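> With the hints as a guide, bring both chains together as one complex.
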Amino acid sequence: MAEELKLFRTWSSPFALRVVHALKIKGLEYETIFEDLSSKSASLLQYNPVNKKVPVLVHNGKAICESLVILEYIDETWKQCPLLPRDPYEKAKARFWAKFGDEKLFSSIGNVLISQGKEQEEAIAAAVQNLKLIEEQLQEKKFFGGETIGYLDIAFGWTANLISILEEIMDLKLVDEEKFPVLSAWMHNFSDDPVIKQCWPPRDKLVVKFQAMRESHLKTVLSQ
Amino acid sequence: MASEDVKILGGWPSPYVMRPRIALNIKSVNYEFLQEQFGSKSDLLLKSNPVYKKIPVMIHGEKPICESLIIVQYIDEVWDSGHSILPSDPYDRAVAKFWATYIDDKWFPGLRAISRAEGEDAKKEAAEEVIAGLVLLEDAFIKCSKGKSFFGGEKIGYLDIALGCFLASLTVTEKMGNIKLLDENKTPNLFKWAEKFSSDAAVKDVMPETGKLMDFAKVLIAKSKAS
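Those protein sequences? They're chains W and A, same order as listed.
Note that my numbering numbers the first sequence so that position 107 is 107, with each residue one more than the last.
Note that my numbering numbers the second sequence so that position 97 is 1097, with each residue one more than the last.
Calculated from the structure, these hints are not laboratory results.
Fair warning: this is a prediction, and the values are worked out from it, not measured in the lab.
Please note that a few of the clues may not be correct.
Stated by the list, open to error - Lysine-lysine pairs mimicking DSS-like chemistry, simulated, CA-CA at most 25 Å apart: (1) A:K1007 / A:K1054; (2) A:K1192 / A:K1204; (3) W:K40 / A:K1053; (4) W:K62 / A:K1146; (5) W:K62 / A:K1143; (6) W:K79 / W:K141; (7) W:K91 / A:K1063; (8) W:K197 / W:K6; (9) W:K26 / W:K142; (10) W:K104 / W:K52; (11) W:K99 / A:K1047; (12) A:K1143 / A:K1223; (13) A:K1192 / A:K1143; (14) A:K1007 / A:K1047; (15) W:K99 / A:K1007; (16) A:K1175 / A:K1143; (17) W:K118 / W:K6; (18) W:K132 / A:K1180; (19) W:K62 / A:K1041; (20) A:K1054 / W:K132; (21) A:K1106 / W:K53; (22) W:K104 / A:K1054; (23) A:K1047 / W:K104; (24) A:K1223 / A:K1204; (25) A:K1053 / W:K91; (26) A:K1192 / A:K1175; (27) W:K142 / W:K173; (28) W:K132 / A:K1063; (29) W:K132 / A:K1053.
To be verified - Just so you have them, the derived chain W footprint on chain A, three or more residues with Cβ under 8 Å: (30) 1072-1079; (31) 1159-1167.
To be verified - A few chain A residues that face chain W, going by a derived Cβ cut-off under 8 Å, partial list only: (32) K1063; (33) E1067; (34) R1093; (35) G1119.
We put the beta carbon where it would ideally sit given N, CA and C, even for glycine.
Okay, chain A solo, but in the shape it has when bound (with noise of 0.2 Å):
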């Protein structure tokens, strides 16, 4: 049994971090949440990720792991506890794989691309790129759900966790910038998918809360500005 000692250095913001805390969750391992000062990088987190400098990172006994969805994987390998969030069928992990590769390097910079913005038609376009990305997202739940409740099947998998996470993000983005982006009559399994994830055990408590995470938001942007 691998030893429990296992640390998450990260903020309560990102939805990054919430990856492999879902992960964690799902497992029922227990950890150390390590929370980083807004603005300044602990020497522990220097030490942990010297080539990014970013969160999350994963401490694994005196093992770093970095990177999110490698941390999720790395979960899923060590742990057999719960239930396997990769699919076992090589095709739905590639598939799986894949999908999570879009959101990192497409759909969620695109998502970012709305609040900085500068104008209605450049919001506006700019949105209309995000409704496009999530209606190849419910393609895509369609054919990875096979009928069940989540991207995973009965339980939340890899790519409900690499989605899911971004939900508080995308919801604070439509209230900031009073747009619609996941709209039940364009993508109506996502949109049902996306309560069933808010509120699954493994998420629950880690899903930062819209308003939280919305005057968090109001302060970057007012320190961006500012500088």
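Looking at chain W on its own, in the form it has when it is part of the complex (with noise of 0.2 Å):
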């Protein structure tokens, strides 16, 4: 039976790029739906009427959001290449600090982009904080998975592309190889495997992109 497999994303989107990551791990076939996030589809909103967001999976029509809830399903629902550790603390320790990845990481590395001055000051100290506490989970590990990719680095993914480009518009480093060895060697691990490293979106397009959201939020805070 030929399986329908379908997802909605947004060119950019880190969380969707999460789930192009467990997909091309497990080597599975998929129509992809790019959305425009001004302008949403009927389909997305009828697939994710509560959230209206990206990505949503479509798995033989039935919908599964929220990026990480997505990883977990993909990963019981094929199994080859397994994404999350058997061991359940293990599991749960990779859960925690996927959250963690979304609830205080992003974020503080968002307020770095859009702070300049003191402020930013202070947003980087917050960041390199966090930063700090994900390098300690890697220890000696070539990846959070272990001696593969799984569930914990398909989570950080974002941070092995998008750090080293919100560097590069404000002429800065986060990720020093000197104070973050690990973290370091484990981004440069990850982007360059052969999976991973076809899926990046277009660097320059990522670099305009972040630049004017840089631009727009110290406009906005300016005027204020």
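This is the structure we're talking about:
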């Protein structure tokens, strides 16, 4: 039976990219529907009426929303290349850090982008603290998942791409190879993985997008 | 068989702390309930949850597990006594996890916003948002329960625990704000479910009594106004 597998995403959403990574690692064929969030399709609104957001994975007509929920669904449905650890305690730790990444790390990195001067210095200090916590979780492993890419690598995957872009825009260093030897190595290993490498959105487009985001935020602050 | 050296760090008023306690009750796992002193954090809490320093924390043997819904999933995966808390079908599991995320990220903050709202108009608007959320959850209930008593079907499941832990807070908010949120007419299924959930054997001893919770809430409000 032909399986229907559709992914609603935007070209740049780091959350949608998680689902792309998981589907590619599992070797799954799927259809991509690119959304314009300023003009959401009727299908997206039908499949995710509550949050109206991407990503949404539709599997044989059933919609699954929220990127981390989708990752677990994919892992439970297709057993090849397991993403989550088998041990319940290791699983709980992976889920905890993924949640931390979304609740604390993501916004702390974002705050660096949208601030300047003293406020940015404080934002950088907070972001660095959060990044240190992440690095501690890697210990001496190649990936958070061990020898191969797993759930937590995918959950943190956005850092391997977006942080260097933000560093370029703002001409500062957040993940210094000296201060973050383990995390820096992970970022290279993750980014250069052949499956992951082919999925990154165009870098120049991302630079333009985040540059514009920063300028627009700073302008708003100035006019207040 | 998993070792049953289980501790829960928490406090009786906290809905989040209720969640792992209900899960352990479902599994008939004995645990030591270590109550934090309100207003201070024990060394054990700070050591077990250095990132957030929040309750609940479950300590199983030497291993700390944090974040209430993550603890509930852990409990379900370690013990197969009692009944399964998460559904077995991956899609049903995804639906349950989606709604639990919605409840924590959107619905409960909306409930808390009612008591913080200043002025009648703001209170009314906040209440309407919570009711709109309950209407969504009513629909989710109909789909998930498939005609049975709970979101989880015949027995209490993950989503029952995720939402049900807030029932006492909901009642207190209704009484203190003199408003109706869980309405028999607007959300008849949830209304019936609330009664069944609250009186379930795994729940009734850990759900705070409304009067006691209301007194606690009043103390909290007085403290926050004084500071």
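> Are the hints correct? Go through all of them and say.
Hints and how they fare:
1. A:K1007 / A:K1054: Holds, at about 15 Å.
2. A:K1192 / A:K1204: The hint holds at about 16 Å.
3. W:K40 / A:K1053: violated, 40 Å
4. W:K62 / A:K1146: holds, 16 Å
5. W:K62 / A:K1143: holds, 13 Å
6. W:K79 / W:K141: holds, 23 Å
7. W:K91 / A:K1063: Satisfied, since the Cα-Cα distance of roughly 13 Å is no more than 25 Å.
8. W:K197 / W:K6: This hinted pair holds, its Cα atoms lying about 21 Å apart.
9. W:K26 / W:K142: Roughly 20 Å separates the two Cα atoms, so the pair holds.
10. W:K104 / W:K52: holds, 23 Å
11. W:K99 / A:K1047: Holds. K99 of chain W to K1047 of chain A sits at ~20 Å (cutoff 25 Å).
12. A:K1143 / A:K1223: violated, 42 Å
13. A:K1192 / A:K1143: holds, 16 Å
14. A:K1007 / A:K1047: holds, 14 Å
15. W:K99 / A:K1007: Between K99 of chain W and K1007 of chain A the Cα gap is close to 23 Å, so the pair holds against 25 Å.
16. A:K1175 / A:K1143: violated, 30 Å
17. W:K118 / W:K6: Outside the cut-off at roughly 45 Å; violated.
18. W:K132 / A:K1180: Roughly 47 Å separates the two Cα atoms, so the pair is violated.
19. W:K62 / A:K1041: Since the Cα atoms of K62 of chain W and K1041 of chain A sit roughly 44 Å apart, the hinted pair is violated (cutoff 25 Å).
20. A:K1054 / W:K132: The given pair, whose Cα atoms are some 20 Å apart, holds under the 25 Å limit.
21. A:K1106 / W:K53: holds, 14 Å
22. W:K104 / A:K1054: holds, 15 Å
23. A:K1047 / W:K104: holds, 20 Å
24. A:K1223 / A:K1204: Cα-Cα ~29 Å, so violated.
25. A:K1053 / W:K91: This hinted pair holds, its Cα atoms lying about 21 Å apart.
26. A:K1192 / A:K1175: Holds, because 19 Å separates the two Cα atoms, which is no more than 25 Å.
27. W:K142 / W:K173: Holds, at roughly 22 Å.
28. W:K132 / A:K1063: With Cα atoms ~22 Å apart, K132 of chain W and K1063 of chain A stay inside 25 Å; holds.
29. W:K132 / A:K1053: holds, 17 Å
30. 1072-1079: holds (count 4)
31. 1159-1167: violated (count 0)
32. K1063: Hint on K1063 of chain A: holds, closest Cβ of chain W at ~5 Å, below 8 Å.
33. E1067: This interface hint holds because 6 Å falls under the 8 Å limit.
34. R1093: holds, 7 Å
35. G1119: Result: violated, 24 Å to nearest chain W Cβ.
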